[in-house]
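Chain B: place on chain A using the hints.
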Amino acid sequence: MAFRTLRLIRKIQEINKRYSTPHIEMSRAIRISLMALRIYLVLLVTLIVYKFALILS
Amino acid sequence: MNLFSRFYYKFRKYWKAIRLYLVIAGPGLVVMVADNDAGGITTYAATGAKYGYNLIWFLLILIPVAYYVQEMTVRLGAVTKRGHAEAIFDGFGAFWGWFSLIDLMIVDWLTLVTEFIGMTAALLIFGVPAWVTVVAVVALMGTIVLHGRYWTWEKIALLFCALNLIYIPGAFMVHPSVPDILKKGLVPNFPGGFNGELFFFLMANIGTTIAPWMLFFQQSAVVDKGMLEKDIPWGKFDTLLGSTVTVVVAIFIVVLTGTVLKGVDIDSASQAAEQLLKTNHYVGTFMAIGLFDAGLLGAICISLASSWAFGEIFGWAHSLNRNIKEAPWFYACYFFTLITAGLVVLIPGAPLVLITLFVQVIAVTLLPAALVFLILLLNDKKRMGEYCNSPGENLIGGFIVVSIVILSTLYGVSVMFPSLFQ
Numbered sequence: 001m002a003f004r005t006l007r008l009i010r011k012i013q014e015i016n017k018r019y020s021t022p023h024i025e026m027s028r029a030i031r032i033s034l035m036a037l038r039i040y041l042v043l044l045v046t047l048i049v050y051k052f053a054l055i056l057s
Numbered sequence: 001m002n003l004f005s006r007f008y009y010k011f012r013k014y015w016k017a018i019r020l021y022l023v024i025a026g027p028g029l030v031v032m033v034a035d036n037d038a039g040g041i042t043t044y045a046a047t048g049a050k051y052g053y054n055l056i057w058f059l060l061i062l063i064p065v066a067y068y069v070q071e072m073t074v075r076l077g078a079v080t081k082r083g084h085a086e087a088i089f090d091g092f093g094a095f096w097g098w099f100s101l102i103d104l105m106i107v108d109w110l111t112l113v114t115e116f117i118g119m120t121a122a123l124l125i126f127g128v129p130a131w132v133t134v135v136a137v138v139a140l141m142g143t144i145v146l147h148g149r150y151w152t153w154e155k156i157a158l159l160f161c162a163l164n165l166i167y168i169p170g171a172f173m174v175h176p177s178v179p180d181i182l183k184k185g186l187v188p189n190f191p192g193g194f195n196g197e198l199f200f201f202l203m204a205n206i207g208t209t210i211a212p213w214m215l216f217f218q219q220s221a222v223v224d225k226g227m228l229e230k231d232i233p234w235g236k237f238d239t240l241l242g243s244t245v246t247v248v249v250a251i252f253i254v255v256l257t258g259t260v261l262k263g264v265d266i267d268s269a270s271q272a273a274e275q276l277l278k279t280n281h282y283v284g285t286f287m288a289i290g291l292f293d294a295g296l297l298g299a300i301c302i303s304l305a306s307s308w309a310f311g312e313i314f315g316w317a318h319s320l321n322r323n324i325k326e327a328p329w330f331y332a333c334y335f336f337t338l339i340t341a342g343l344v345v346l347i348p349g350a351p352l353v354l355i356t357l358f359v360q361v362i363a364v365t366l367l368p369a370a371l372v373f374l375i376l377l378l379n380d381k382k383r384m385g386e387y388c389n390s391p392g393e394n395l396i397g398g399f400i401v402v403s404i405v406i407l408s409t410l411y412g413v414s415v416m417f418p419s420l421f422q
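So the protein lines, in turn, are chains A and B.
Using the working numbering, you'd call the opening residue of the first sequence number 1 and step up by one each time.
Using the working numbering, you'd call the opening residue of the second sequence number 1 and step up by one each time.
Excised from the complex, chain A in its bound form (with noise of 0.2 Å):
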């Protein structure tokens, strides 16, 4: 078990290292694009959690 939870990790990694650079040219559309999706879901996520935190309580 330990010895595959080791694998999983040293496979993410290495899935890490070789998507570590986004091979998409980052002109300043694709910067103001990406900016804008991590806001809108940085909102969404709060609306959920929030959402959440009403049913529980």
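Hint data in this document are derived by calculation from the structure and do not stem from the laboratory.
Every value quoted in this text rests on a predicted model; they were computed, and no experiment measured them.
You can trust all of the hints, since none of them are fake.
If you want a taste of the chain A side facing chain B, the calculated C-beta under 7 Å gives, among others:
(1) ASN16
(2) TYR19
(3) PRO22
(4) HIS23
(5) ILE24
(6) ILE30
(7) SER33
(8) LEU37
(9) LEU44
(10) LYS51
The beta-carbon is built from N, C-alpha and C at its ideal position, and this holds for glycine as well.
Relative to the frame of chain A, chain B by itself:
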């Protein structure tokens, strides 16, 4: 003689084109018809029961919407030979890649649970216990993927797609008023005025037409099928045909429930089938069979979408052309998602309604990201070359993506906070 020769030449030309299409047909048609899954059938049945024929015009708008989004995955898959998950990892790095992959896994699994809910509810109408349905579906889906190649799987999936057309004779059997359909359905209108409830229904219809798993599924299917750049026009035609068929089926469901169940509050497609059974036994039976088929088709595609995505990223063999010994992790992932989703339905007192609502909310976190990545990847001139998005395609695609993002977000929020739009 000259006329005969010309006719024969034309016949040969068209027959050759049809044969070529039949070879390439598949991913677009399967993904679009599978989009009419158990959740989709419920949405269309409820729309028809609530608003009659009045929202048919809105469904027609969804043909180009679905086509423009899905045809981009055909180009991306055929040119890069990569699935959507791998394309995101490669294009935007590990952070966005993991986000998409994990989100896809959660959304797919939850959607798969809803497909099982639909299938068990449909067969329960005929007295089949839920556990029998789950075991039979898992066995059937296992047989489909283990006994053959991609080609075999695709043709079986197309057979189930054909069964999705069962709603068409069903709608004819209830004798709808054609002048009424033309008068009320084809002229854009908002029955009862544009209020919160109507807005919710419009958003639900969009939400069922474009789902995140569809992007991942079609692109991976294009790669697994081995489609090349030269096949793109046929892939586009396949997608257009698929989007037309899926909306036509949706319209017939609306016509069916709009004729017989107008004014009845419908919570699920199985409830609609039970109501229809009281008025017309055959139509009710068709509705139940169609619901089971929709759930099965959805399950077939969704479980594969996750397995393909994980295989691409973890570097496992991930093709239906490989057998279980050659691609053990691919099939392990496939059966794991399938069996666990099926088991959830069998747990007594499982929060199935909450899961159904939760799918729509979680999907909203993945859909905008997947669509934005799709547009950005299609603008990568270095990789896409001549298949890059043209300014016109960017304008149409961009407008559709922005609209879907806004409407699906509002839909997700309205599911979480129902009183917000009332």
